[in-house]
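Protein chains in written order, with my numbering: chain A, 84 to 576; chain B, 84 to 576.
For the record, the hints were derived by calculation from the structure and aren't laboratory data. Treat the hints with caution; some may be incorrect.
As the list claims (entries may be wrong) - Part of the chain A face toward chain B, derived, beta carbon under 7 Å:
#, residue
1, Pro125
2, Tyr128
3, Phe142
4, Lys148
5, Asn149
6, Tyr151
7, Phe152
8, Leu154
9, Leu155
10, Val168
11, Gly191
12, Val192
13, Glu203
14, Ala479
Just so it is clear, CB atoms sit at the ideal spot from N, CA and C, and this is done for glycine as well.
Number of protein chains: 2
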Amino acid sequence: MAKELKNLTKRSENYSQWYNELVTKADLAEQSAVRGCMVIKPYGYAIWEKMQQTLDAMFKKTGVKNAYFPLLIPKSFLCREAEHVEGFAKECAVVTHYRLKNDPDGNGVIVDPEARLEEELIVRPTSETIIWGTYKNWIHSYRDLPIVCNQWANVMRWEMRTRMFLRTAEFLWQEGHTAHATAEEAEERTVQMINIYADFARKYMAMPVIVGVKSANERFAGALNTYTIEAMMQDGKALQSGTSHFLGQNFAKAFDVTFVNKDNQPEYVWASSWGVSTRLMGALIMTHSDDNGLVLPPHLAPIQVVIVPIYKNDEQLSAISERVKPIIAKLEEMGISVKYDDADNRRPGFKFADYEVKGVPVRLAIGARDLENGTVELMRRDTLEKETLPLEGIEAHIAGLLEKIQENIYNKALAYREKMTYTADTYEEFKEKIENGGFILAHWDGTPETEEKIKNETKATIRCIPLDGDDTPGVCMVTGKPSARRVIFARAY
Amino acid sequence: MAKELKNLTKRSENYSQWYNELVTKADLAEQSAVRGCMVIKPYGYAIWEKMQQTLDAMFKKTGVKNAYFPLLIPKSFLCREAEHVEGFAKECAVVTHYRLKNDPDGNGVIVDPEARLEEELIVRPTSETIIWGTYKNWIHSYRDLPIVCNQWANVMRWEMRTRMFLRTAEFLWQEGHTAHATAEEAEERTVQMINIYADFARKYMAMPVIVGVKSANERFAGALNTYTIEAMMQDGKALQSGTSHFLGQNFAKAFDVTFVNKDNQPEYVWASSWGVSTRLMGALIMTHSDDNGLVLPPHLAPIQVVIVPIYKNDEQLSAISERVKPIIAKLEEMGISVKYDDADNRRPGFKFADYEVKGVPVRLAIGARDLENGTVELMRRDTLEKETLPLEGIEAHIAGLLEKIQENIYNKALAYREKMTYTADTYEEFKEKIENGGFILAHWDGTPETEEKIKNETKATIRCIPLDGDDTPGVCMVTGKPSARRVIFARAY
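Taking the hints into account, I'd like the entire structure generated from these sequences.
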């Protein structure tokens with residue numbers, strides 16, 4: 084059993100299979116009976132909950148208030164904003180009936196044809212339309228602005244090819260929807276939120292991200308401008324990890340939402356929307372994990388420290404437990420989450436393998452000999468290094484170590500990204516380099532046509548036009564036309 | 084505007100209209116564009132969030148782990164347990180298609196007839212079926228048991244008559260689903276959870292509840308036994324506020340979930356499920372609120388104390404703000420949530436009315452004269468009593484007062500329930516008394532037929548067979564047959 088747990092496909096052999104096996108073996112999620120929908124298992128959900136709580140607190144500090152809007156959207160609402168419906172109509176779950184009935188032919192239960200809805204309802208793929216339909220009632224005067232609402236919700240997009248966490252038909256997310264009196268204020272909020280996402284990614288997920296703007300091709304359906312955070316996975320592919328959209332007055336116009344300004348004139352309201360989803364779980368897994376399983380950043384690990392007693396009899400166990408009890412209490416007092424695993428139906432070797440595959444940052448093992456010597460064996464998950472340490476003062480050591488691990492895995496991921504970031508000055512060079520994955524900084528003429536051509540020929544897209552970094556102008560590697568600055572190309576999830 | 088806020092229909096005039104107006108005026112929720120679905124507004128959601136966080140912590144203390152299961156359930160799953168499908172098939176939203184397309188006739192967007200699902204999917208009305216379909220993969224041996232999972236989720240029941248919070252097509256809830264090796268353990272968990280609900284209702288919602296068992300007629304579809312907490316609203320009607328079900332082996336049998344016991348024999352797994360929903364918001368509103376608006380128990384109020392400065396000029400305002408700042412800091416340090424409302428676009432009278440209708444437990448008003456005298460005017464929302472108090476030491480006074488208010492509204496609700504609880508020994512007496520609302524303790528012969536007859540003739544149902552209280556046997560008020568003990572009848576929401 085311990086062997087089976089560790090028997091993970093290597094990343095270098097088959098990255099995609101490694102990922103799928105890891106999600107299962109670390110007990111994070113599994114496929115459900117419904118096509119493309121996953122079950123998030125307790126251990127996976129505990130990580131998502133930590134993400135959620137952390138983000139929620141960060142949002143609230145900036146004045147965000149949570150609310151809840153309906154799951155189902157009338158078809159006519161979805162159609163109000165032309166680009167928006169174009170972007171989402173092809174992949175949505177449609178509710179057409181509201182009742183089942185017994186099959187008159189005796190074959191169980193069938194959809195009752197008499198319970199057909201007058202207007203079909205769409206399971207929300209995102210909630211701009213239903214929310215702007217609601218905001219119309221909330222907004223009359225400049226005094227009602229700004230509105231800065233967020234909801235934690237499930238959404239559904241009927242994707243054809245799905246992968247757990249990365250692309251699922253149903254996923255969990257938060258979506259913020261704000262309304263403002265001026266374009267400037269709406270854009271400021273758009274940028275503020277992408278920076279919160281970047282902060283969260285870096286400080287909690289230990290994941291370096293690049294903040295930038297999407298090209299027109301990659302923009303959200305209905306937005307004037309989309310900001311993104313882009314991360315690099317260990318196979319050199321990019322993962323879009325969070326987006327924040329400046330929606331201009333598009334949805335206000337589609338739903339006729341105006342306000343009377345200070346000069347008593349009616350104006351359309353300005354908007355932003357922004358979201359991150361359970362996709363972040365995929366990003367987290369693929370940024371740090373190794374061939375032994377999950378590696379979790381201490382700031383998001385549901386269990387930060389596991390203590391495994393090694394004993395031959397009940398007497399030894401109770402001596403160990405006695406010695407360990409005050410250590411656990413002290414650690415918990417310091418805000419560190421500890422699991423003491425004294426379960427007697429699994430052997431230490433199994434436990435070691437299990438916590439390793441689950442990515443618990445620090446493992447302590449303590450046996451009868453340790454007790455005599457006043458020592459403990461500590462293993463850190465990120466480097467797999469073991470050392471024997473005095474029990475005395477172990478709590479402070481662990482607290483420091485958790486921060487060290489958090490920093491170390493961030494630096495490791497950053498070093499990998501830097502190693503895998505190239506420049507290309509000609510299209511030939513670009514085509515050659517893109518085969519190895521990674522980010523390629525190249526000049527582009529700013530047209531959707533050129534981007535489309537590059538995508539068709541190389542499968543690489545513009546991940547973003549970075550907000551920071553080298554902004555020297557140049558010429559497009561494909562057309563030779565002027566380029567304002569290098570942008571980031573990559574193959575992406 | 085202030086007048087409009089307070090201009091609430093009186094409970095004695097039209098209780099139902101009072102409720103609807105209050106939900107709107109206190110900014111808790113509103114109807115959405117989708118039939119029977121509500122929008123939970125930020126202030127309402129903040130109360131729900133406090134409920135959620137409190138309950139979640141109470142659950143976790145008993146070993147509950149959160150997880151997430153799919154929104155959509157294959158029709159065939161719903162049909163596996165006969166009573167269950169009977170109970171839910173008539174009120175469910177059915178997804179039949181997964182794509183829209185442009186109408187070839189140019190009328191916007193239509194459902195793509197080619198994107199019909201092979202098997203229809205049901206928006207979950209509750210998740211026993213999809214979860215037991217999943218547990219089949221998780222459970223093999225007694226070592227895998229117990230499983231104690233909960234999910235916070237949205238569910239949908241296509242009710243014909245809806246009312247905000249009390250009965251909506253979509254609602255938010257938690258549903259716990261547990262799996263055990265023995266019937267005793269499953270029943271223990273069932274009872275443990277109903278007791279947690281009762282505890283939560285009493286200590287946080289300040290709502291007295293009676294814990295009892297449902298009669299067969301009122302049982303959950305698929306359960307062997309349903310425990311309930313029943314509360315009395317201010318119109319004398321009962322509100323079922325939370326339920327916990329002992330499911331026996333019904334779902335294990337329907338989904339063929341067995342485990343190998345310690346004697347190496349296969350056995351079906353035993354189950355419980357339990358839930359509370361946004362209906363609790365309706366219960367909270369109707370238990371305490373008065374003709375001036377919402378009354379919130381301090382333990383669940385998003386704003387526990389509001390401070391309104393009364394000033395004629397900026398100088399006065401800044402003097403007041405200066406004096407108030409350390410008081411706010413001290414209160415927050417004590418874990419009390421405070422709002423200092425110095426907004427200059429609304430007058431104090433408007434603010435007073437607004438916080439009154441929103442049920443903020445304690446209001447402080449402070450003007451220039453108070454500053455001179457070192458005093459503050461305090462109003463408590465539950466009694467509407469005002470007093471002028473020294474600013475010095477106000478923090479400790481408030482902390483004590485919040486607990487007093489919490490206790491007072493509980494006692495008030497309890498006194499009301501006791502006043503409105505009667506016994507009836509004959510069916511004549513019963514029919515007369517039930518017209519005035521309230522709980523009626525009466526003897527019943529234990530048969531569904533008698534209960535059905537009483538329901539048809541009086542609209543009263545058995546709310547529960549209480550676990551505590553008078554258990555003297557007697558004779559049924561309708562049939563004269565033996566009765567084990569008095570049960571509680573009431574008209575209910």
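Status of each hint after checking the structure:
Hint status for Pro125 (chain A) relative to chain B: holds, with the closest Cβ pair at about 4 Å, below 7 Å. For Tyr128 (chain A), the suggested interface contact is upheld, since its CB lies about 5 Å from the closest CB of chain B, less than 7 Å. Hint status for Phe142 (chain A): violated, given a least beta-carbon distance of 12 Å to chain B, over 7 Å. Satisfaction of the interface hint for Lys148 (chain A) is found here, the shortest Cβ-Cβ separation to chain B being roughly 4 Å, below the 7 Å cut-off.
Satisfaction of the interface hint for Asn149 (chain A) is found here, the shortest Cβ-Cβ separation to chain B being roughly 5 Å, below the 7 Å cut-off. A distance limit of 7 Å between C-beta atoms decides the matter here; for Tyr151 (chain A) the minimum to chain B is near 4 Å, and the interface restraint holds. Because the beta carbon of Phe152 (chain A) sits about 5 Å from the nearest beta carbon in chain B, less than 7 Å, this interface hint is met. Taking 7 Å as the C-beta contact cut-off toward chain B, the hint placing Leu154 (chain A) at the interface holds, the least distance being around 5 Å.
For Leu155 (chain A), the shortest C-beta to C-beta distance to chain B is roughly 5 Å, which falls under 7 Å, so the interface hint holds. Against a cut-off of 7 Å between C-beta atoms, the interface hint on Val168 (chain A) holds, since the closest Cβ of chain B lies about 6 Å away. Checking Gly191 (chain A) against chain B by beta carbon gives a least distance of about 5 Å; that is within 7 Å, so the hint holds. Evaluation of the Val192 (chain A) hint against chain B yields a held restraint, the C-beta minimum of about 5 Å falling below 7 Å.
Taking 7 Å as the C-beta cut-off, the interface hint given for Glu203 (chain A) holds, the closest approach to chain B being about 6 Å. Annotation: Ala479 (chain A) was flagged as interfacial toward chain B, and the flag is violated, the nearest CB pair being 27 Å apart, outside 7 Å.
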